[in-house]
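Visitor: Below, each chain spelled out in residue letters.
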Amino acid sequence: MDAVLIQLLNGLDKGAAYALIALGLTLVFGTLGVVNFAHGALFLIGAFCAVTFQKIVTISKKVLDPNITYFDAYIEQPYLEIWFGETGLAIIDYAVPLSLFLAIPVMLLVGLAMERGLIQFFYKRTHAEQILVTFGLAIVLQEIIRHFFGANPIPTPAPDIVSGSAPIGSWIGLGESFVYPWWRLIYLVSSVAIISSVFAFLNMTTFGMVVRAGMTNRQMVGFLGINIQRKFTIIFALAAVVAGIAGVMYAPILPPDYHLGMDFLVISFVIVVVGGMGSLRGAVAAGFLLGVLQSLAAMTAVNAILPGISQIVIYLVAVVVLLTRPRGLMGRKGVMDE
Amino acid sequence: MNIFSKKSTPRLMLLFSIGVLTMPIWLDPIGASYPDLLQKFVIFGIFAIGYNILFGLTGYLSFGHAVFLGVGSYTAVWSFKLLTMNVIPAIIFSTIMAGLIAAAIGYVSLRRSGIYFSILTLAFAQMFYNLAYSVLTPITNGETGLQLTMHDPRIIDNALSRTVETGLPSTDLFGISMNGYSGFYFCAVMLIIAFYIYLKIFNSPFGMKLKGIKSNQKRMKYIGSDTRPYLIAAFVISGMFAGLAGSLMAVTDPLAGAERMQWTASGEVILMTILGGVGTVFGPLLGVGIIKYLENIFSAINESVLHNFFSFMPQWGENSLVAITAPFVGEGWHLTLGLLFMLIVIFLPGGVMEGFQKIKSRFFDKQSKEDSSASKESNNV
Amino acid sequence: MTNRVKKIVALQRSPTMSNTVLKITNVNKSFGGLLALNNINLEIERGTVHAIIGPNGAGKSTLLNVCIGLLTPDTGEVIFNGGEKIIGKKPHEINQIGLTRVFQTPEIFPDLTLLENVMLPALSKRDGSYKLSIFKQMSSETEIESQAIDALKTIGMDDRSSDVIAANLSRGDKRRLELAMCLVQKPELLLLDEPTAGMARHDTNQTIELLKQIKQGGMTKIIIEHDMHVVFSVADKISVLARGAIIATGTPDEIRANPLVKEAYLGGAEL
Numbered sequence: 053m054d055a056v057l058i059q060l061l062n063g064l065d066k067g068a069a070y071a072l073i074a075l076g077l078t079l080v081f082g083t084l085g086v087v088n089f090a091h092g093a094l095f096l097i098g099a100f101c102a103v104t105f106q107k108i109v110t111i112s113k114k115v116l117d118p119n120i121t122y123f124d125a126y127i128e129q130p131y132l133e134i135w136f137g138e139t140g141l142a143i144i145d146y147a148v149p150l151s152l153f154l155a156i157p158v159m160l161l162v163g164l165a166m167e168r169g170l171i172q173f174f175y176k177r178t179h180a181e182q183i184l185v186t187f188g189l190a191i192v193l194q195e196i197i198r199h200f201f202g203a204n205p206i207p208t209p210a211p212d213i214v215s216g217s218a219p220i221g222s223w224i225g226l227g228e229s230f231v232y233p234w235w236r237l238i239y240l241v242s243s244v245a246i247i248s249s250v251f252a253f254l255n256m257t258t259f260g261m262v263v264r265a266g267m268t269n270r271q272m273v274g275f276l277g278i279n280i281q282r283k284f285t286i287i288f289a290l291a292a293v294v295a296g297i298a299g300v301m302y303a304p305i306l307p308p309d310y311h312l313g314m315d316f317l318v319i320s321f322v323i324v325v326v327g328g329m330g331s332l333r334g335a336v337a338a339g340f341l342l343g344v345l346q347s348l349a350a351m352t353a354v355n356a357i358l359p360g361i362s363q364i365v366i367y368l369v370a371v372v373v374l375l376t377r378p379r380g381l382m383g384r385k386g387v388m389d390e
Numbered sequence: 050m051n052i053f054s055k056k057s058t059p060r061l062m063l064l065f066s067i068g069v070l071t072m073p074i075w076l077d078p079i080g081a082s083y084p085d086l087l088q089k090f091v092i093f094g095i096f097a098i099g100y101n102i103l104f105g106l107t108g109y110l111s112f113g114h115a116v117f118l119g120v121g122s123y124t125a126v127w128s129f130k131l132l133t134m135n136v137i138p139a140i141i142f143s144t145i146m147a148g149l150i151a152a153a154i155g156y157v158s159l160r161r162s163g164i165y166f167s168i169l170t171l172a173f174a175q176m177f178y179n180l181a182y183s184v185l186t187p188i189t190n191g192e193t194g195l196q197l198t199m200h201d202p203r204i205i206d207n208a209l210s211r212t213v214e215t216g217l218p219s220t221d222l223f224g225i226s227m228n229g230y231s232g233f234y235f236c237a238v239m240l241i242i243a244f245y246i247y248l249k250i251f252n253s254p255f256g257m258k259l260k261g262i263k264s265n266q267k268r269m270k271y272i273g274s275d276t277r278p279y280l281i282a283a284f285v286i287s288g289m290f291a292g293l294a295g296s297l298m299a300v301t302d303p304l305a306g307a308e309r310m311q312w313t314a315s316g317e318v319i320l321m322t323i324l325g326g327v328g329t330v331f332g333p334l335l336g337v338g339i340i341k342y343l344e345n346i347f348s349a350i351n352e353s354v355l356h357n358f359f360s361f362m363p364q365w366g367e368n369s370l371v372a373i374t375a376p377f378v379g380e381g382w383h384l385t386l387g388l389l390f391m392l393i394v395i396f397l398p399g400g401v402m403e404g405f406q407k408i409k410s411r412f413f414d415k416q417s418k419e420d421s422s423a424s425k426e427s428n429n430v
Numbered sequence: 640m641t642n643r644v645k646k647i648v649a650l651q652r653s654p655t656m657s658n659t660v661l662k663i664t665n666v667n668k669s670f671g672g673l674l675a676l677n678n679i680n681l682e683i684e685r686g687t688v689h690a691i692i693g694p695n696g697a698g699k700s701t702l703l704n705v706c707i708g709l710l711t712p713d714t715g716e717v718i719f720n721g722g723e724k725i726i727g728k729k730p731h732e733i734n735q736i737g738l739t740r741v742f743q744t745p746e747i748f749p750d751l752t753l754l755e756n757v758m759l760p761a762l763s764k765r766d767g768s769y770k771l772s773i774f775k776q777m778s779s780e781t782e783i784e785s786q787a788i789d790a791l792k793t794i795g796m797d798d799r800s801s802d803v804i805a806a807n808l809s810r811g812d813k814r815r816l817e818l819a820m821c822l823v824q825k826p827e828l829l830l831l832d833e834p835t836a837g838m839a840r841h842d843t844n845q846t847i848e849l850l851k852q853i854k855q856g857g858m859t860k861i862i863i864e865h866d867m868h869v870v871f872s873v874a875d876k877i878s879v880l881a882r883g884a885i886i887a888t889g890t891p892d893e894i895r896a897n898p899l900v901k902e903a904y905l906g907g908a909e910l
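Those protein sequences? They're chains D, X and Z, same order as listed. Residue numbers for the first sequence follow our numbering, beginning at 53 and rising by one. Residue numbers for the second sequence follow our numbering, beginning at 50 and rising by one. Residue numbers for the third sequence follow our numbering, beginning at 640 and rising by one.
Treat the hints as calculated values from the structure; they're not laboratory data. A quick note: this is a predicted structure, and the numbers were derived from the prediction, not measured. All residues carry an ideal CB built from backbone N, CA and C; glycine is no exception. Since no wrong hints were added, every one of them can be taken at face value.
Stretches of chain X that chain D covers, calculated by requiring three or more beta carbons in the stretch to come under 8 angstroms of a beta carbon on chain D: (1) 153-167; (2) 390-400.
If you want the footprint, here are the derived chain X segments under chain D, 3+ residues with CB under 8 angstroms: (3) 176-188; (4) 378-387.
All chains, full assembly: derive it from the sequences and hints.
Guide: Laid out in structure tokens, this is it:
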């Protein structure tokens with residue numbers, strides 16, 4: 053029972069990442085009508101914002117090691133520690149959450165640049181061409197990251213205070229031994245918070261209303277004299293920020309490397325399609341669902357019967373769903389109907 | 050329309066065959082005539098023209114064709130291990146196997162069209178990659194890849210006493226070892242045969258119907274054609290071409306790995322097809338030639354080569370130029386490739402062949418200019 | 640002999656060769672709460688041009704879509720040539736038995752040439768719904784090519800260089816091309832969905848002339864139209880649809896004189 057619960061939580065975690073990425077993808081596809089294969093790269097850039105911030109705050113210089121006295125030995129000491137002592141160390145410790153201050157503006161800029169510089173020229177072109185050009189962009193971005201950061205995963209630890217595990221067992225009465233890493237809990241909670249704010253934004257603001265209208269009937273909204281173009285740019289930037297934040301927070305869970313974006317991209321698209329293209333709720337639901345499914349399928353008990361199923365279960369489910377329920381779980385009529 | 054469409058097939062095939070078989074000669078001046086690279090040209094040539102039958106003619110964008118490449122490789126290596134080092138059974142089994150898997154994947158994926166189809170093929174590609182990497186390891190040997198060993202049964206070879214004293218045998222065509230140039234010539238002959246079939250398909254009623262599907266699938270149905278079997282046929286045929294290419298990879302280097310099946314590997318053939326000119330007869334081959342040739346050059350350049358190149362400049366000039374160009378060469382070849390891809394899709398989606406057409410019409414075709422302005426006038430009535 | 644030829648021969652041999660090309664019986668169709676088609680019963684006579692008219696929202700397009708097999712009605716049947724059920728068949732099957740249609744926005748093959756546009760339907764007719772002919776070459780398909788050229792002649796477009804890409808045509812020409820694509824298959828029944836929609840006067844007249852011209856041996860036509868000028872120029876029979884039901888069927892003169900019809904058009908615009 054414990055094992056199942058842990059896997060469930062693991063799955064929710066991963067599912068949260070999937071849901072966040074799928075949410076952004078669906079927003080872009082539903083409003084702009086653009087298939088963005090570079091969306092995974094946005095997740096990647098977010099994660100590497102965390103990496104970059106960490107690198108910056110740990111810039112060090114060689115300093116005499118006070119502990120070794122009989123010859124001159126040097127250790128690396130971060131400038132922040134030299135200048136600010138304890139506070140400096142604290143900043144380094146909290147590098148990942150603090151990097152959000154760097155990531156959000158960066159992602160906004162990247163999103164804006166991408167939309168204005170490339171995506172807007174592809175609104176009228178075929179889906180195939182959109183896929184191809186954004187695929188090219190994804191490769192370019194990935195290779196740039198690889199050039200500057202190398203090919204190996206770069207560990208970006210969470211703050212010390214949350215590096216341990218939370219005694220969930222005691223909270224929900226399942227015994228002291230049942231624990232779950234703090235950071236992963238924080239990830240889950242913050243993801244849900246982000247998703248809720250996006251939905252709140254869409255449902256409770258005028259801007260959001262226009263967006264939702266645009267999702268159902270783009271032409272009409274244009275005829276109503278609303279400058280949908282600027283709103284598209286903002287939406288794209290919003291999707292970029294969401295993906296970026298998801299990336300930042302995920303960095304401690306999975307040390308980022310340059311092909312992180314591509315790894316998540318395929319699954320994200322599969323999820324968007326399973327959830328139903330054009331359905332935000334579908335994307336989120338499918339994200340969590342498939343994350344959990346993948347996790348449960350990785351359990352040793354399951355593996356004993358069907359070895360290796362966890363690797364392919366998502367794709368099998370996607371195939372089955374696409375064949376039996378072509379509109380996805382929650383897709384709406386009229387969106388990409390064949 | 051294709052500038053070569055007026056030539057009769059036998060003449061074209063003759064020219065093509067001569068061109069391919071003499072590649073070691075005319076590629077020598079640009080330093081592209083060694084066996085490894087030549088083999089890559091023809092093997093990817095087969096892959097690309099097969100892919101063009103699907104993507105170029107029907108417009109369906111598949112990310113899964115690398116799967117068939119992998120299936121071809123694995124099947125060939127198993128043929129070498131179990132039966133014989135003779136390449137003929139290997140390539141036959143590979144092509145058939147790839148065709149079967151393509152039929153299965155195509156049957157499912159083609160129930161949808163457009164972007165749904167593409168994502169389905171994407172899902173299948175990842176699935177098969179994962180299967181090869183970690184699930185079906187008895188067959189694929191997972192991460193390490195499938196290789197020849199001393200203990201391979203090689204039933205037929207042993208029965209015919211075709212064994213070697215020491216080490217591993219090499220692949221052969223009835224006694225001719227398939228290494229180096231002889232390997233290339235075998236693959237070249239395969240390309241010629243494949244190209245013949247490809248040309249026939251292009252100019253056949255079947256090919257024309259595929260073009261109709263790309264142009265207006267709805268109308269195709271309403272003129273009485275059931276589009277689904279045509280699409281599945283195109284998918285399977287292109288899968289078989291890919292399987293053949295995969296088997297030839299194993300013929301020239303008896304090794305099969307899972308990374309060959311990743312969907313990003315499909316990206317490479319998509320790029321080649323688009324760069325050359327999707328939907329044209331020669332576009333894919335052009336694309337293969339350009340990409341593989343550039344890859345060959347760019348991957349081999351490293352910093353010292355760059356320094357040599359820019360050594361005529363003063364030190365600061367040399368260093369800054371090297372710093373600017375370094376990310377794009379060597380390992381950075383993929384960056385260059387990605388940028389090239391984007392540029393082509395943005396500015397010249399018809400590829401190099403479209404570029405040729407534009408140049409041709411601007412400089413050579415005064416006649417067509419008059420024709421087009423005349424027809425424009427009659428349209429305005 | 641193709642299946643279609645066999646059927647025609649068989650029908651001609653049978654003692655009761657039906658004069659009814661299409662028989663629509665008891666068709667009802669609702670969308671949600673809206674009754675779009677209300678107990679439609681209609682027989683289309685062979686060789687006639689049968690127009691279906693009616694005010695906006697009367698259900699004309701819905702009826703056409705049922706006839707062509709796109710929509711499944713809640714009740715009722717559509718029988719072709721006294722034997723073939725239309726409902727439940729796929730578009731390509733329906734075409735193969737002899738029905739073809741023209742769409743409101745001309746559906747042609749934009750990236751192909753004029754000649755190719757017309758050769759494809761001819762090929763499709765000959766080959767059936769699927770034929771894997773890889774080694775045959777288009778250059779040897781002279782019979783198909785001449786059929787296509789004949790069809791282009793019929794619509795008066797054989798003077799153009801057949802190399803013209805279809806996308807470059809004007810809308811009126813696209814419509815003519817589409818007609819040629821239908822005609823080359825020598826269909827028994829041709830359905831036209833507002834063939835002159837959005838056309839300028841000149842194009843409309845051209846289309847009328849064309850429709851009058853192509854009285855190919857026995858071909859029946861069903862036309863859905865708004866433009867009364869077109870209707871009264873070409874139709875042999877007219878059915879009037881209002882609020883999902885047929886309120887009158889008859890010759891143009893009968894319809895003109897029918898008071899119910901005038902009423903249905905909201906105060907009776909002069910017909």
